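As you go down the protein sequences, you meet chains Z and E in turn.
First residue of the first sequence? That's 18 in our numbering, and the numbers climb one at a time after it.
First residue of the second sequence? That's 40 in our numbering, and the numbers climb one at a time after it.
Please note that a few of the clues may not be correct.
[Said to hold, decoys possible] Now the in silico label distances, taken between C-beta atoms and shown as ranges:
(1) S56/Z to A99/E: 55 to 63 Å
(2) S89/E to S56/Z: 19 to 27 Å
(3) K97/Z to D131/E: 19 to 27 Å
(4) V52/Z to T151/E: 40 to 48 Å
(5) T151/E to K95/Z: 42 to 50 Å
(6) K97/Z to F93/E: 14 to 22 Å
Quick caveat, the hints were computed from the structure, so don't treat them as lab data.
These numbers come from a predicted model, not from an experiment.
By construction, the Cβ of each residue, glycine as well, lies at the ideal position given by its N, Cα and C atoms.
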Amino acid sequence: MNLIRNMMISCRKATELIEKRSLFGLTVIEKVNLVLHTSMCDACTLYEKQSKTIDKMLNDKLGSEEEEVVENPGLKDKIKGKL
Amino acid sequence: MQKAGIAKDVIAEWVDAYSDSMYSWALHKTSSREMAEDLVQETFLAAVQSYEKFKGDSKAKTWLFSILNNKIIDHYRRAYKNPTVSEQQQSDAGSVSLFETMFDSDGRWLKTNSPQEWTGEPEHVLDDVRFNVTLQHCMEVLPANWNAAIRLKYLEEKKAELVCQELEISTTNYWQILHRAKLQLRKCLDENWFNK
């Protein structure tokens with residue numbers, strides 16, 4: 018039981034690991050810590066899910082997708098004036 | 040002189056042909072009209088300066104977009120690396136108050152800020168113009184360097200290790216900033232949209 022208690026990380030640490038994982042991956046111990054924590058913590062399980070949703074949103078929003086062309090005639094004149 | 044004149048004529052034609060699509064692209068990436076205009080303008084001025092380097096073996100549009108993309112990324116790199124004094128204070132104070140409002144002293148979620156199930160359909164929410172306004176707002180209220188850290192992650196489309204090398208920061212520094220930014224962004228979206 019002590020071993021498990023020692024392996025238990027806080028919610029703050031768990032959310033940190035969730036973000037670290039999406040950038041750099043985790044060590045084996047970190048993975049075990051995180052799985053153990055989320056298996057017992059509903060709030061962090063939700064955080065994990067919502068964090069992924071936000072990642073996907075930002076990727077769709079900021080990623081390389083061709084957007085509709087917005088015309089800006091004022092800008093054209095402004096730039097030509099400066100050339 | 041004559042050469043410079045030719046460059047200007049050619050580039051004036053490019054302004055007509057490409058400035059709208061460049062502006063749209065920059066607007067999509069920065070979500071700011073003013074910033075998008077400045078970046079496109081700087082791109083054309085840089086193109087005049089380095090017209091000699093344009094070999095014509097790539098398309099003009101490709102060349103211009105590569106200059107523009109560098110300018111966009113540079114902008115956020117600078118915002119990340121050189122925050123103003125007040126931005127740095129905002130970031131430091133933001134970190135302290137963020138952790139205090141989210142977690143108790145043992146690092147457990149405080150009841151008031153613990154994540155709740157999101158209502159609606161988060162997968163399709165970007166189709167809603169009003170949600171995009173909310174998302175934009177939630178990004179803008181982040182400390183400037185947190186906002187820049189998030190944007191760089193998605194703009195660069197590179198491995199995070201490379202982003203860190205280019206910023207000359209440790210990987211730990213980077214994910215800690217992103218952790219704070221994500222906690223705050225999640226809370227803002229929760230309060231202003233999903234559990235309004």
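Outcome of the hint check:
no. : hint                        : result
1   : S56/Z to A99/E: 55 to 63 Å  : 56 Å, holds
2   : S89/E to S56/Z: 19 to 27 Å  : 56 Å, violated
3   : K97/Z to D131/E: 19 to 27 Å : 44 Å, violated
4   : V52/Z to T151/E: 40 to 48 Å : 27 Å, violated
5   : T151/E to K95/Z: 42 to 50 Å : 49 Å, holds
6   : K97/Z to F93/E: 14 to 22 Å  : 19 Å, holds
Violated hints for the displayed structure, listed by number in ascending order: 2, 3, 4.
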